[in-house]
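Number of protein chains: 2
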Amino acid sequence: MVKALVFDVQGTATDFHSTVCDEARRVDAGRHPSVDWAEVVRRWRGGYFAALEDAQRRARGWVSVHSVYRAALDTVLDERGIGLSAAERDELTLAWRRLRPWPDAVPGLTRLKTRYTLATLSNADVSAVIAVSKGAGLPWDAVFAAEMAGVFKPDPRSYAMVATYLGLEPVEIMMVASHKYDIRAAGRLGFRTAFVARPMEFGAGGDADVTYSTEFDLNASDFLDLADQLGC
Amino acid sequence: MVKALVFDVQGTATDFHSTVCDEARRVDAGRHPSVDWAEVVRRWRGGYFAALEDAQRRARGWVSVHSVYRAALDTVLDERGIGLSAAERDELTLAWRRLRPWPDAVPGLTRLKTRYTLATLSNADVSAVIAVSKGAGLPWDAVFAAEMAGVFKPDPRSYAMVATYLGLEPVEIMMVASHKYDIRAAGRLGFRTAFVARPMEFGAGGDADVTYSTEFDLNASDFLDLADQLGC
Chain Y
351 MVKALVFDVQ
361 GTATDFHSTV
371 CDEARRVDAG
381 RHPSVDWAEV
391 VRRWRGGYFA
401 ALEDAQRRAR
411 GWVSVHSVYR
421 AALDTVLDER
431 GIGLSAAERD
441 ELTLAWRRLR
451 PWPDAVPGLT
461 RLKTRYTLAT
471 LSNADVSAVI
481 AVSKGAGLPW
491 DAVFAAEMAG
501 VFKPDPRSYA
511 MVATYLGLEP
521 VEIMMVASHK
531 YDIRAAGRLG
541 FRTAFVARPM
551 EFGAGGDADV
561 TYSTEFDLNA
571 SDFLDLADQL
581 GC
Chain E
351 MVKALVFDVQ
361 GTATDFHSTV
371 CDEARRVDAG
381 RHPSVDWAEV
391 VRRWRGGYFA
401 ALEDAQRRAR
411 GWVSVHSVYR
421 AALDTVLDER
431 GIGLSAAERD
441 ELTLAWRRLR
451 PWPDAVPGLT
461 RLKTRYTLAT
471 LSNADVSAVI
481 AVSKGAGLPW
491 DAVFAAEMAG
501 VFKPDPRSYA
511 MVATYLGLEP
521 VEIMMVASHK
531 YDIRAAGRLG
541 FRTAFVARPM
551 EFGAGGDADV
561 TYSTEFDLNA
571 SDFLDLADQL
581 GC
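Taken in sequence, the protein lines are chains Y and E.
Per my numbering, the first sequence starts with residue 351, numbered consecutively.
Per my numbering, the second sequence starts with residue 351, numbered consecutively.
Just so you know, the hints here were simulated from the structure itself, not pulled from any lab data.
Treat the hints with care, as some may be off.
Unchecked claim - To spell it out: a stretch of chain E is covered by chain Y in this simulated footprint if at least three of its residues, at any positions, have a beta carbon under 8 Å from a beta carbon of chain Y; those stretches are:
1. 480-493
2. 515-522
To be verified - Some chain Y residues flagged as far from chain E (calculated, every beta-carbon gap over 12 Å):
3. 354
4. 402
5. 406
6. 407
7. 433
8. 440
9. 475
10. 478
11. 484
12. 517
13. 579
14. 582
Glycine residues also receive a C-beta, built at the ideal position from the N, C-alpha and C atoms.
Take these sequences, add in the hints, and give me the full structure.
Written out as structure tokens, the structure is:
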């Protein structure tokens, strides 16, 4: 029945927390030894989410996610009085284009690709999804992003766009994410749903929701488990 | 300077003529021994082009390329009194989703991928480009199609869309095609241009334009030659 799997990228396929923390420490180069960079990155990601929600509420048209991250970084650094130059902030924002894959991502996707069409649906800019995927070696058959629909997930138009471009009915597509709001939104349109637990999504001190639920068609511990459950 | 290569698919990366001819003979199963299937396929492709131009002139909104091929097949078969059933015509139209790559395509793209972002810009439906690419093993970093812009090549909006999604300036992108109208249109927007000669695009009796021209940044005999010239 399911012919295509559509994946969230930031958090589900890639470990943004450790990547961005490492980049922050590299750019800071030890000048702010008392800063808890893990907490800064969690706040940064939180600011990004709030800005996306705000953009959606105001329906102001498209905003590049790169610019959203850049502005949210200013807020979090300025709140904490962390002095990084504009060039350093630009450089650090590029970390979101260099995200490392979770260790199971490439081997899991490689197995899943033998039987399914694999695509992304990310809120990140198309160019960022391409950069992350190329850098990480994520073997998608197609890259789709909210930018192509002009609205962010969980707007139903973003999922509907994917069904149109895949030429499939929603029931033939499984949305895979570590964020329940994402797969719930796809499920409301008739997509199949797979929840993947990513306990380290926000780092060791984070509070990632990893609770399996029968409301989803599948619950998996990682992409290898997903491949097992889908018979790949 | 160039960071991404954008490829036409039907004819440039894939050998539609031999694939569709073979499928026509398979579906016909010898019932019409006097039919020149190569000529039928050339007329079919011609009917598809005429229909795209017509759609563009009338600006009637999006038409799926699958439906364009299906209607153009009716015309060419009915003109010649070739009796295939509706189911057989549906089956034969699917041949355009199963196109074989030119022998140099996968090895050439694999070399080019080490240095460049590789994407498509096809007039075929997104779902068809995905099906062809997955079947042929074409290792794109991203699949773009005219469907995503809502206008067919050579409409400048289709090339502009690709530049936006790649996050690059036109001069950082090279359009690669065996059709001069396609790379000329991209060139008018500031893209770099590469012409690839495909002498067998319309089969042994076809009249493919394979003349190199200094109006393009590169002229190549196939994707391996393109990789050589681009230092990959």
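query = Can you name, in rising order, the numbers of the hints this structure does not satisfy?
reply = When the structure is compared with the hints, numbers 3, 9, 10, 11 and 12 turn out to be violated.
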